[in-house]
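Starting from the structure of chain A, add chain B where the hints point.
2 protein chains.
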Amino acid sequence: MKLIASLAVVGTAFAMASPALAQFAKPEDAVKYRQSALFVMAQHFGRIGAMASGRAPYDAKAAIVNAELVAMISKLPWAGFGPGTDKVTPTRAKPEIWTESAKFKEGHEKLVTEAEKLLTAAKTNNLDNLKVAFGAMANTCKGCHDSFRKE
Amino acid sequence: MKLIASLAVVGTAFAMASPALAQFAKPEDAVKYRQSALFVMAQHFGRIGAMASGRAPYDAKAAIVNAELVAMISKLPWAGFGPGTDKVTPTRAKPEIWTESAKFKEGHEKLVTEAEKLLTAAKTNNLDNLKVAFGAMANTCKGCHDSFRKE
Numbered sequence: 008m009k010l011i012a013s014l015a016v017v018g019t020a021f022a023m024a025s026p027a028l029a030q031f032a033k034p035e036d037a038v039k040y041r042q043s044a045l046f047v048m049a050q051h052f053g054r055i056g057a058m059a060s061g062r063a064p065y066d067a068k069a070a071i072v073n074a075e076l077v078a079m080i081s082k083l084p085w086a087g088f089g090p091g092t093d094k095v096t097p098t099r100a101k102p103e104i105w106t107e108s109a110k111f112k113e114g115h116e117k118l119v120t121e122a123e124k125l126l127t128a129a130k131t132n133n134l135d136n137l138k139v140a141f142g143a144m145a146n147t148c149k150g151c152h153d154s155f156r157k158e
Numbered sequence: 008m009k010l011i012a013s014l015a016v017v018g019t020a021f022a023m024a025s026p027a028l029a030q031f032a033k034p035e036d037a038v039k040y041r042q043s044a045l046f047v048m049a050q051h052f053g054r055i056g057a058m059a060s061g062r063a064p065y066d067a068k069a070a071i072v073n074a075e076l077v078a079m080i081s082k083l084p085w086a087g088f089g090p091g092t093d094k095v096t097p098t099r100a101k102p103e104i105w106t107e108s109a110k111f112k113e114g115h116e117k118l119v120t121e122a123e124k125l126l127t128a129a130k131t132n133n134l135d136n137l138k139v140a141f142g143a144m145a146n147t148c149k150g151c152h153d154s155f156r157k158e
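Quick mapping for you: the protein sequence lines, in order, are chains A and B. Going letter by letter, the first sequence gives residues 8 to 158 in the numbering used here. Going letter by letter, the second sequence gives residues 8 to 158 in the numbering used here.
One chain only, chain A, in its complex shape (with noise of 0.2 Å):
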């Protein structure tokens, strides 16, 4: 519980300070920024899947660690979408994402809530708890991927 409410202090301290974390040099950092944050949450989201799956034995430290990550890093691609950064290519981001801003903005804010969900699950040391934020949170993925991602 202590790390869950220190981790709630990092959020709104984040949030708070999110303006300062919007600055890229170039849009290209930014591109490259999201782009990264996404395929390294996504490893380590992955892992949690390889144990929710079976695929993997269940290590419930290595599963908070995980989720841990996840949550962290959950908070962060979407400052990579800032203005300009639309113009970018070669990229799989659909122009929905900021013609449908405030769909798109309403999906990245779940999946950071599903991704403190997954954490607070994994803390329960319960697999079966476990496999159901996964399954929540790769919904909303999913979700995402079907509207602002192209194939």
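Treat the hints as calculated values from the structure; they're not laboratory data. You can trust all of the hints, since none of them are fake.
Since the list gives no way to pick out one identical chain from another, each pair is judged satisfied if it fits inside one copy or across any two copies.
Below, simulated BS3-like cross-link-like pairs (lysine-lysine); rule was C-alpha separation at most 30 Å, straight line:
(1) K68 - K33
(2) K117 - K94
(3) K130 - K33
(4) K117 - K101
(5) K39 - K157
(6) K157 - K110
(7) K94 - K110
(8) K101 - K39
(9) K33 - K149
(10) K124 - K112
(11) K110 - K33
(12) K138 - K33
(13) K110 - K138
Note that the coordinates shown come from a computational prediction; the quantities given were computed from them, not determined experimentally.
Just chain B, lined up with the frame of chain A:
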């Protein structure tokens, strides 16, 4: 202090779970992972650098959030230098990473320590402390780049 104590907990859990974290589907994923983590870390480190050098106004909260991310992410890239990843091209990784692995390990362990010191400095809310810790970590980055990264 509570936050730093919690980070220590995460760090310990991370160290214990590192074999579980070192799994990649293929060497190319490991390379992309290490490059991605280093890029994200460099972006957040650079934002502290902008404050330390006066290119950006000092924002104590933003400094802490960025240092928090740097401290967390500084632990990650090294899992991506595992066996087989030296054969992936093109990268800027020099063969010395694998032929002088003890020196390389010493370097990245020093980086993690410097990143923790940077976070501690950021939390003092004192720009001079931040400058000193930033400089020390920047030197550590440079030391490894000089030895282990191609121009």
